[in-house]
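Counting in the UniProt record's numbering, the sequence shown runs from 1 upward without gaps.
Be careful, since some hints might not be right.
[Stated by the list, open to error] Across the chosen pairs, the derived CB separations fall in these ranges:
id : residue 1 : residue 2 : range
1  : Asp174    : Cys12     : 14 to 24 Å
2  : Gly370    : Ile96     : 37 to 47 Å
3  : Arg60     : Ala258    : 52 to 62 Å
4  : Thr399    : Asp174    : 45 to 55 Å
5  : Thr61     : His201    : 18 to 28 Å
6  : Thr429    : Leu46     : 51 to 61 Å
7  : Glu3      : Glu102    : 27 to 37 Å
8  : Ala5      : Ser369    : 16 to 26 Å
9  : Thr391    : Glu191    : 42 to 52 Å
10 : Leu239    : Thr399    : 42 to 52 Å
[Claimed, not checked] Only pairs whose alpha carbons sit at most 25 Å apart, straight line, appear in this in silico BS3-like list of lysine-lysine:
id : residue 1 : residue 2
11 : Lys402    : Lys417
12 : Lys260    : Lys246
13 : Lys250    : Lys346
14 : Lys208    : Lys169
15 : Lys136    : Lys116
16 : Lys367    : Lys398
17 : Lys449    : Lys136
18 : Lys405    : Lys417
19 : Lys294    : Lys246
20 : Lys276    : Lys346
21 : Lys346    : Lys386
22 : Lys47     : Lys116
23 : Lys257    : Lys246
24 : Lys116    : Lys21
25 : Lys260    : Lys208
26 : Lys386    : Lys367
27 : Lys367    : Lys286
28 : Lys317    : Lys250
29 : Lys402    : Lys386
30 : Lys260    : Lys346
31 : Lys250    : Lys294
32 : Lys136    : Lys317
Please keep in mind that the hints were generated in silico from the structure rather than gathered at the bench. Keep in mind that this is a model prediction, so the values were computed, not measured. Glycine residues also receive a C-beta, built at the ideal position from the N, C-alpha and C atoms.
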Amino acid sequence: MLERAFQNEIRCHQFWPTGAKVIVATSTGVDSMVLLTLLQRLPTALKPQLIVAHVNHELRTESVAEEAYLRQFCLENDLSLQVAHWPLQQHPQTGIEAAAREFRYQFFEHLMTAEKADYLVTAHHGDDQLETLMMKFIRSGELHEMRGIQSQRPFADGTLIRPLLPFAKQDLRDYALANNITSFEDQTNYETTVLRNRVRHTLVPFLKQENGQILQNANRFSQQLTALLGQQAQLATTLLPLLDLKVTDKVISGQLKAIKTLPTAQQTAIWQLIIKQHFPQISPLKETQLQQLKQLIQSTVKPQGQLALGQRILFTKIYDRFQIGETTIGEIAAKDEKIRILMLNKWCVLPNNEQIGIFEINHLPRKLSGQQLIWLADEQWPIVAKPCQLTDAIMIDKTHHKTLKRLFIDLKVPQEKRLNSWGIWSQETLIGHPEFRVSALFIHEQTGKIRYVLCYANE
1 MLERAFQNEI
11 RCHQFWPTGA
21 KVIVATSTGV
31 DSMVLLTLLQ
41 RLPTALKPQL
51 IVAHVNHELR
61 TESVAEEAYL
71 RQFCLENDLS
81 LQVAHWPLQQ
91 HPQTGIEAAA
101 REFRYQFFEH
111 LMTAEKADYL
121 VTAHHGDDQL
131 ETLMMKFIRS
141 GELHEMRGIQ
151 SQRPFADGTL
161 IRPLLPFAKQ
171 DLRDYALANN
181 ITSFEDQTNY
191 ETTVLRNRVR
201 HTLVPFLKQE
211 NGQILQNANR
221 FSQQLTALLG
231 QQAQLATTLL
241 PLLDLKVTDK
251 VISGQLKAIK
261 TLPTAQQTAI
271 WQLIIKQHFP
281 QISPLKETQL
291 QQLKQLIQST
301 VKPQGQLALG
311 QRILFTKIYD
321 RFQIGETTIG
331 EIAAKDEKIR
341 ILMLNKWCVL
351 PNNEQIGIFE
361 INHLPRKLSG
371 QQLIWLADEQ
381 WPIVAKPCQL
391 TDAIMIDKTH
401 HKTLKRLFID
411 LKVPQEKRLN
421 SWGIWSQETL
431 IGHPEFRVSA
441 LFIHEQTGKI
451 RYVLCYANE
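Work the whole structure out from these sequences, hints included.
Spelled out as structure tokens, the structure:
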């Protein structure tokens, strides 16, 4: 049953031409082993040239046996196999899951180039789709995040394909059992400290019990929302000329008069399109940012103003014109030479010879004197470093603060260090310093915020 349905899926979507090179991401879990078997059993007219790609993350002792089994499996089935190891010394102290995913997909991209393959296939299935949608809804509910997993999308210089999305996890388990397919279970998939696992083992079974068609509904929702957002982007493209855009190296500017008269949904689509096309380094604007943007544009009592969009990018309103870009951020530092603007994933060298910086999990520097996980929203950028005053206050919990003078006394910080201390700030809010204290406002996971690592080095 599954085999025939899978072949129909491949035939219907024509994911690849006959004989094309396809990289198959294979972990030895039941999902990927079933996918590999189904691909092997495709009729000649549909069958691609398979290249098995496996990553040994060196995170579990079982990884050795899993790799050995896959090597033997590929040998017996005359399959090409490429294996990458993620050495222990490259594992970050925090954010291991995100860093592991980054390593995997970098390997897949490298392999596609080396093998001249245009297609990467992964074993994401219908349960994965439902889990992802529920997690997005729990975390933010932002429309642009609710598209879920796409059956195919551009990746590297080719295409990433997920042909198992129409099928349930149980379908794959049943097929593996009926066909004696050996697979390995990752026990970390049952750790309840991970949100996805809680959704998988608690919420998804409940939803399936309520409606046996919930996986099909999840896929239908994802497809329809993707199509709707695509149509919205096309409409926004036709409206862009109304803004009379001028584009330079780092700044885009235009007229506000026409956009003020458009419906809110069309305004949203235009700003999201501009961000996507010209500032891909920042995330799509969140609902709160869009509301602030609309208020600023429509305000008659505030003819000029600025709004932080994230990653050092500012929106500036100047009467009936606007500009978006990094150059306006330089004005912050120009006003005070003591202020340093932090660039993501780069050290900022301070006058006291310390280094401080905000890094993504997968870009952590090797030599650190201290680090602290922090959560930031896009609108909280730009982040700056500047000298601390003893009267500055930092939040020690959600309701209480402490002056730096009191904090330094409690921590027995030497007098010289007190007088030459620097901190990092989000607008007028002190984030802190990893050597001393980081504000309670930034150290806990929060919906709509992104996890970073605040790093410090004094050598």
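Do the hints match the structure? See the list:
| no. | hint | in the structure |
| --- | --- | --- |
| 1 | Asp174 - Cys12: 14 to 24 Å | holds, 22 Å |
| 2 | Gly370 - Ile96: 37 to 47 Å | violated, 19 Å |
| 3 | Arg60 - Ala258: 52 to 62 Å | holds, 58 Å |
| 4 | Thr399 - Asp174: 45 to 55 Å | holds, 53 Å |
| 5 | Thr61 - His201: 18 to 28 Å | holds, 24 Å |
| 6 | Thr429 - Leu46: 51 to 61 Å | holds, 57 Å |
| 7 | Glu3 - Glu102: 27 to 37 Å | holds, 34 Å |
| 8 | Ala5 - Ser369: 16 to 26 Å | violated, 56 Å |
| 9 | Thr391 - Glu191: 42 to 52 Å | holds, 45 Å |
| 10 | Leu239 - Thr399: 42 to 52 Å | holds, 46 Å |
| 11 | Lys402 - Lys417 | holds, 18 Å |
| 12 | Lys260 - Lys246 | holds, 18 Å |
| 13 | Lys250 - Lys346 | holds, 19 Å |
| 14 | Lys208 - Lys169 | holds, 12 Å |
| 15 | Lys136 - Lys116 | violated, 34 Å |
| 16 | Lys367 - Lys398 | violated, 32 Å |
| 17 | Lys449 - Lys136 | holds, 13 Å |
| 18 | Lys405 - Lys417 | holds, 12 Å |
| 19 | Lys294 - Lys246 | holds, 21 Å |
| 20 | Lys276 - Lys346 | holds, 23 Å |
| 21 | Lys346 - Lys386 | holds, 16 Å |
| 22 | Lys47 - Lys116 | holds, 17 Å |
| 23 | Lys257 - Lys246 | holds, 15 Å |
| 24 | Lys116 - Lys21 | holds, 8 Å |
| 25 | Lys260 - Lys208 | violated, 45 Å |
| 26 | Lys386 - Lys367 | holds, 23 Å |
| 27 | Lys367 - Lys286 | violated, 35 Å |
| 28 | Lys317 - Lys250 | holds, 17 Å |
| 29 | Lys402 - Lys386 | holds, 19 Å |
| 30 | Lys260 - Lys346 | violated, 38 Å |
| 31 | Lys250 - Lys294 | holds, 23 Å |
| 32 | Lys136 - Lys317 | violated, 32 Å |
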